[in-house]
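A.B. asks: Take a look at the letters that make up each chain.
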Amino acid sequence: MGTDPKEKEELSRTVARIQAGVLSIACGLIGGLGLFIMTVWLLLEDGPHVGSHLQLLSNYFIGYSVTWGGSLIGLFYGTLTGGILGWTVGYIYNKVAGIRQGKQTGT
Amino acid sequence: MTTQPVVIVGAGPAGLTTAYELGKNGLPSILLEAGKQVGGISQTVNYRDFRFDIGGHRFFSKVPTVNTLWEEILGEDFLLRPRISRIHYNNRFFEYPLKPTNALIGLGPVEALLVCFSYVKTKVFPGPDEKNFEQWVINRFGSRLYQIFFKTYTEKVWGISCTEISADWAAQRIKNLSLKEAVRNALFGAKNGKNREVVTSLIEQFHYPRLGPGMMWERCEELVAGFGSQTLKGIKVERIHHRNGQVRGVSGRSLSGDLVEFDGTRFVSTMPLRELIVAMDPQPPEKVVQAALGLRYRDYLTVVLIVKREDVFPDNWIYIHSPEVKMGRIQNYKNWSPSMVPAPSRTSLGLEYFLWDKDEEWTWSNERLIELGVRECAHLRLIHPREVEDGTVVRMKKAYPVYDQQYQDHVQTIRQYLATFSNFQTIGRNGLHRYNNQDHSMMTGVYAARNIMGLSHHDVWAVNTEKEYHEEGRMALPSAGDRMVPTQVQGAVDESLSGQEAIIQIVFAKLDPVALGVAVGVVTGLAIFAATAILLLKGGPVIGPRLSLLGHFLFGFNMTWGGALIGCLEGSLMGFSIGYAGAFIRNGSLRTYAKFRRWREETDRRRHLLDKV
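In the order they appear, the protein sequences are chains A and B. Following our numbering, the numbering of the first sequence begins with 1 at its first residue and continues without gaps. Following our numbering, the numbering of the second sequence begins with 1 at its first residue and continues without gaps.
In short, the hints are calculated from the structure, not lab data. Heads up, the beta-carbon is just placed ideally off N, CA and C, and yes, glycines get one too. Possibly wrong hints are sitting among the right ones.
Said to hold, decoys possible - No farther apart than 35 Å at their CA atoms in a straight line, the calculated lysine-lysine pairs in the DSBU-like style are these:
| # | chain 1 | residue 1 | chain 2 | residue 2 |
| --- | --- | --- | --- | --- |
| 1 | B | Lys121 | B | Lys131 |
| 2 | B | Lys36 | A | Lys103 |
| 3 | B | Lys24 | B | Lys397 |
| 4 | A | Lys95 | B | Lys36 |
| 5 | B | Lys287 | B | Lys131 |
| 6 | B | Lys595 | A | Lys95 |
| 7 | A | Lys103 | B | Lys326 |
| 8 | B | Lys233 | B | Lys595 |
| 9 | B | Lys99 | B | Lys326 |
| 10 | B | Lys233 | B | Lys36 |
What the hints assert, rightly or not - So these bits of chain A aren't anywhere near chain B, every CB distance computed over 12 Å:
| # | residue |
| --- | --- |
| 11 | Val40 |
| 12 | Leu44 |
| 13 | Val50 |
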C-alpha cells in the first residue's frame, strides 16, 4: 500500500486547538502588565501633562488615571480586558475550526 | 520443544549468531561450513601473521541487540578506531565524505568552474526521468561531479553501466526524508533520542576486533562450542531433502569427498539462494528454479601486498576512482588495527578487485594478479615496486548479491516457494539475496533463533531500510530494498517514538487560518464597536476626538452609531486579515524550518553515497 506523497509531506495532520483558558491568561498578563508598565513609565518620566493620551482610557476603565493608584487599577482592567479578548479569540477559533474540520471529514 | 540440534548451513555472521542465540537458550546446533574458516565474508585471513579482512568490516550498528552481542562475544578485544578514507582520482587525494571546497580546489580552477556550471545547469534543468542511477546522481550533483566521483567507482564495483542500475537502488540507499522524519531527527536526534554528534561519531570512528573481524567469529565459534554445538568445517551442502512441506535433512561432501548427511527437525540456511534452490531435493517448480538461476552475484578478489614501509598512507581505505586502473579500493589493514601486522615496520595493503567469476582476471594466477597490483599501486604513486616483499591473493565468490532490474521478482518467487516449508528459514546476506551489512545479517540470525525457540514470530524477510532508525520493533516496509534491519511482523510499539510522534503532532499542528481570521476579526470588530458605543453613550460636546482618527484607516468611520457599525465591519475585515496572515505565516515558518532541516540532512547523506555503493 503506497503512501500518498502529499501525506508524506505532512508534518502534522492535526489542526491546532487553542486552549482558551491559557490564551486568556497570557493575554490578561500582557494587557494588565502592559498597562501597568506604561502608566508607571509615564509617571517616572514626569512632566506638566503627563499621560494625557493614556488618560483617555478612563473613558472605558472607570477609576483609571495616570497616577500610582491608577496604575494598579489599570493593572486590574488590563488583565480583565486582555483575559476576555484572549478567551474570546480562543473560543471562537476552536468553534470555527471544529466546524470546518467536521465539514472536511464529513462528520 | 525438542532438543534435537538445529542444523545451520553456513558459519558466517548470520549462522553463528543463530547458533549463539540458540545455545544461550539451551538449544544446541550443528553448523555446516563449506570453507576452512568461519566468518564467511567477515573472516580474517592470516598470511605469515599478516591478517587481512575481506572487504573491510566496520563494526557499528544502531541495533542495540547487535551491539550487546558484539560486546558479549569479544569484550575488551573490541577496539574503537578512527575512520579516515579518501578518494584517489587523477593522482590527487580528495577528502571523503566529499567537501565542496576541497573537491573544487583539488580539481583545479578550470575543472572546478565546469563542475559549478554543470551543477547549476542540473539544478535549473534537471533530468525529467530518474530511471537509472546515472540520472539520479546527475540530478543531485551535476554531470561533471558524477563522471569524476561516482561513475567509475560504481561501475568498478558492480560491473555494469550506471545506466543499467535502477534509480531505486540509489534512492533506497539515500532515502528521501519526509518532513516529519527530518523534524524528528532535528528535535530528537537521528538515532532514537541520541543527538547528532553521535551520528557523526559513528561515521568518524568505528569498532574493530583487535585481530580483524574473523576474531569475532572465531570467538563466537568457541562460545557456541561451549553451549554444546558443533561447527563442522569443509562440509559443502549439496542437497536439501524435503517432503510434505518439511525439510528432513541435508547432505553434502566433506573436503575429502566423503558423503555426509544430517537429519533434523529444524533448519536454517545462509546458502546463496541460487545454490539453495538448485540443491532442493525434490526439485522445486521450474519457475522457481529459473528465478534462482536468474540471480546474479558479484565476486571479489583481494591482492594483498606486504610492503617494507612503516607508513604508506593514513587512511583505513582509499576509493580508487582513476579509470586507468582496475582496482576499486585499497585497504591499509594496520590502520584498521595495529595488530593486523606482525611488525610495525611493515604495511599490508589489500587491493580490491570486483569481478564476475567469468572475467579473465578471476582465473589469473596469484603471481600475475600480484604483478598487476604492484603495477597499479606504482601507477597511483602509492608505493615503489621495490618496496613490495611479498603478496598473496584471496578470492571470495558471491560476495555481493546483484540488484539488477529483475532481482526483486526472482527473490519474490523464491520467497513464496520457501514459505511453504514450516521448519526451514533462510537468513544472512546471500540467504536473503540482500546487500545487508554484518549487523543486519546478525539480526536475521537472532530472529531466526527466536522463531525456532517460539519466543515470537519474526519475518526475517521483512526488513527496514537504512534510514536513521535501525532499532528493533519498527514497522517493516515490504517494498524496501537493502541494508536494512529485520523487524517484527507484529511490531511492538516503540514508546519513545510514539511519544516523539505525539510531540511533533502537537508542536507542528497547523493553525486554521480561516478560524483564526474569524476569531481575531470578530474580536476586533466588536472591540471597535464597543469603544465607539461607550463614547457615544457618554455623549459630550466633542465625542471621541482621538478615536475618530481611526477614520484615516477605516473608510467611512466616524463617531456616530452608523460609524460604529462601519467600524465594526471594517475592523472585522482587518482583524480577519491579520488573523489569517498570522496563521499562514506561522504555518509556513514551521514548514520552512522542516524543509531546511530536511535539505541539510539529505545533503549530508548524499555526501556518504560511496559508502553505500
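A.B. asks: A separate judgement is required for each hint: does it hold in the structure or not?
C.D. replies: Structure-based check of each hint:
Of the pairs offered as hints, the one joining Lys121(B) and Lys131(B) holds, with about 19 Å between alpha carbons and a cut-off of 35 Å not exceeded. Between the alpha carbons of Lys36(B) and Lys103(A) the distance comes to roughly 70 Å, so the proposed pair goes past 35 Å and is violated. Distance restraint check for Lys24(B) and Lys397(B): the Cα-Cα separation of roughly 32 Å lies within the 35 Å cut-off, and the hinted pair is therefore satisfied. Only pairs whose Cα atoms come within 35 Å are accepted, and Lys95(A) paired with Lys36(B) is rejected, the gap being roughly 75 Å.
Our distance criterion of 35 Å between C-alpha atoms is met by Lys287(B) and Lys131(B), whose separation comes to about 28 Å. Only pairs whose Cα atoms come within 35 Å are accepted, and Lys595(B) paired with Lys95(A) is accepted, the gap being roughly 31 Å. Distance hint between Lys103(A) and Lys326(B) is unfulfilled; the C-alpha atoms sit about 65 Å from each other, more than 35 Å. Distance check on the hinted pair: Lys233(B) and Lys595(B) sit about 54 Å apart at the alpha-carbon level, beyond 35 Å; violated.
Between Lys99(B) and Lys326(B) the alpha-carbon distance is near 25 Å, which keeps this suggested pair within the 35 Å criterion. For a cut-off of 35 Å, the pair hint linking Lys233(B) to Lys36(B) stands: about 5 Å separates their Cα positions. Non-interface status of Val40(A) relative to chain B is upheld: no Cβ of that chain comes within 12 Å, the nearest being about 22 Å off. No Cβ of chain B comes within 12 Å of the Cβ of Leu44(A); the nearest lies about 24 Å off, and the non-interface call holds.
Here Val50(A) stays apart from chain B, with its beta-carbon at least about 17 Å from theirs, past the 12 Å limit.
Checked against the numbered hints above, the structure violates hints 2, 4, 7 and 8; every other hint is satisfied.
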